[in-house]
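Colleague: As a plain string of letters, each chain reads:
There are 2 protein chains.
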Amino acid sequence: MTGFPVPTMPAPPVGVVGLGQLGGSLAAALVRAGRPVSGWDTDPQAREAAAARGVRITRDLSGVVVLAVPLPAMATALDGLTVDPDATVTDVGSVKSPVLGTVGAAFGSRFVGGHPMCGTEHSGHEAVDPDLFDGARWAVCLEPDTDLSRWLRVTEVALDAGAEVVPLTAAEHDDAVAAVSHVPHLLAAALAAAAGEAGPLALALAAGSFRDATRVAGSEPAFVTAMVEGNAAPTAEALARVQAQLGRPWPELVTAGHAVATRPTAQRSVRAPLDRAALLALGRAGGVVTRRLAAFVEGRLPQEG
Amino acid sequence: MTGFPVPTMPAPPVGVVGLGQLGGSLAAALVRAGRPVSGWDTDPQAREAAAARGVRITRDLSGVVVLAVPLPAMATALDGLTVDPDATVTDVGSVKSPVLGTVGAAFGSRFVGGHPMCGTEHSGHEAVDPDLFDGARWAVCLEPDTDLSRWLRVTEVALDAGAEVVPLTAAEHDDAVAAVSHVPHLLAAALAAAAGEAGPLALALAAGSFRDATRVAGSEPAFVTAMVEGNAAPTAEALARVQAQLGRPWPELVTAGHAVATRPTAQRSVRAPLDRAALLALGRAGGVVTRRLAAFVEGRLPQEG
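Chains as they are written, first to last, in our numbering: chain S, 931 to 1235; chain G, 931 to 1235.
Don't take every hint at face value.
Some, not all, of what chain G presents toward chain S, calculated at C-beta under 7 Å [said to hold, decoys possible]: (1) V1033; (2) A1036; (3) A1109; (4) A1120; (5) A1132; (6) A1134; (7) G1160; (8) V1184; (9) T1195; (10) Q1197; (11) S1199; (12) R1214; (13) L1223.
Honestly, the hints are just simulated from the structure, not real lab data. Here the structure is a predicted model, which means the values were calculated and not measured. For each residue, glycine too, the CB sits at the ideal point set by N, CA and C.
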């Protein structure tokens, strides 16, 4: 055991399955970071666009294999493709427990679930942006039986793409994204639909607060539905918490929301050992991994108030 | 009656009471548009900042007098100031019926309620921006007893500041802003407060959808509370409509929200006579006034689908 940073192992190649907005952007970011990237998409246009960005197009995948397909396609994403028996498999799906149940069951300890918290209301290879992950949070799941060295391989991919990694379990992930992503999508839809009922005059008066609050209602409905229905129980619980908040007296509600929205964001640097419990504790405290060292990770934790 | 545009009357001076974000920005925008602007604020720093932007600081107001103070201060905004007996009085408060009941009762047909749909989560004279109104919608109220020529004076102020004018009644305004502004503020607060309950891990994962959905929760709580409590009945009704939407099956809800959020925004130009009924019909159809002519206004209406 040493406290000195030493170089990590050479980075393995990355194989990206699905070259739409997320997969294509990841492939482009990793090519830029100097990593060898191969990939596949069922759409010839997406393959061509990726090839033009330096991605080797192949059905034979090895190293870290990233499933970057919509949730409903996850279980069949590898049909017709060959995956090296030693490859680590990860995904970028917005819900983690169902993927753990399907892809995780197929690959056992070789599977590490992941979820980059980015993407826009756009989709498809036309929306590829190599900067998409810059400074984004990327959840990388650490279950009791996850192989820690494979967790690190996936973490390195996220870091190389420009993201910061949040270590957590699939269940913690699904509860958290229900609160900060899936419920916001439902609220945006409900707000837009209700304003539509209110009529054209209301929509003509809609200003910044409304546009911000409904922006994600412009996302492809099939993706959103797959996301919320794929995380139904945590989303229903998080929605119930929002509805309970809406039942509070308004001055109290407004003050409580303001306190969270304006919470100070000062950060302090931390170093955590490469140890399951320490990594999960970092995640639960709101911390992120920013760099991998030999027997440690460097990260940041929110400053205590 | 002529169909040809002819020059309007010389624009009267504008007196702005309250030189914070909205009032200070309005004064700055009107100075830039070449209108004589005077103003007052109880805060010497706000007066100094406005004077530096070309606003004449005085307690004697005439022409179009704009009350740009928070709702709770509206009824006493003119204490210690002198208002010319022929002045037209307007305001920029975010709720219109209560202001009609107080300021409107004091000034009778000389009062025309207004509300620019802009502003940010910031406030105070440090947040002044002469571009704040560019392309914004500005509600200008037309009640059965509103003097149409005074309505036009207020409309010209809004147009000169760079905004587009929505003609409507105070009741229509309050229903519409409940749906597109006040309920979004409550939803943002509820979402932020519920995510705060979910803990630091959830907040660490918060991405664009959450930040957009909670941005307005950063607004000053006293302003927000005054706004929603000053429009309590329409806000409660609009919130009930959102809650009814949240009770729909999720695929149906997501599809309905998407349809409103992605509604085509093509516009067609229209010319409306300067007539109460025609102006209110324009507003109800989602239209806006963009220019004042002699016996007409020019505007835009959403293209029919």
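Colleague: Now tell me, hint by hint, if it's right for this structure.
Modeller: Quick rundown of the hints versus the structure:
no., hint, result
1, V1033, "21 Å, violated"
2, A1036, "26 Å, violated"
3, A1109, "4 Å, holds"
4, A1120, "4 Å, holds"
5, A1132, "4 Å, holds"
6, A1134, "4 Å, holds"
7, G1160, "11 Å, violated"
8, V1184, "5 Å, holds"
9, T1195, "10 Å, violated"
10, Q1197, "11 Å, violated"
11, S1199, "15 Å, violated"
12, R1214, "5 Å, holds"
13, L1223, "21 Å, violated"
Violated hints, in rising order: 1, 2, 7, 9, 10, 11 and 13; the structure is consistent with all others.
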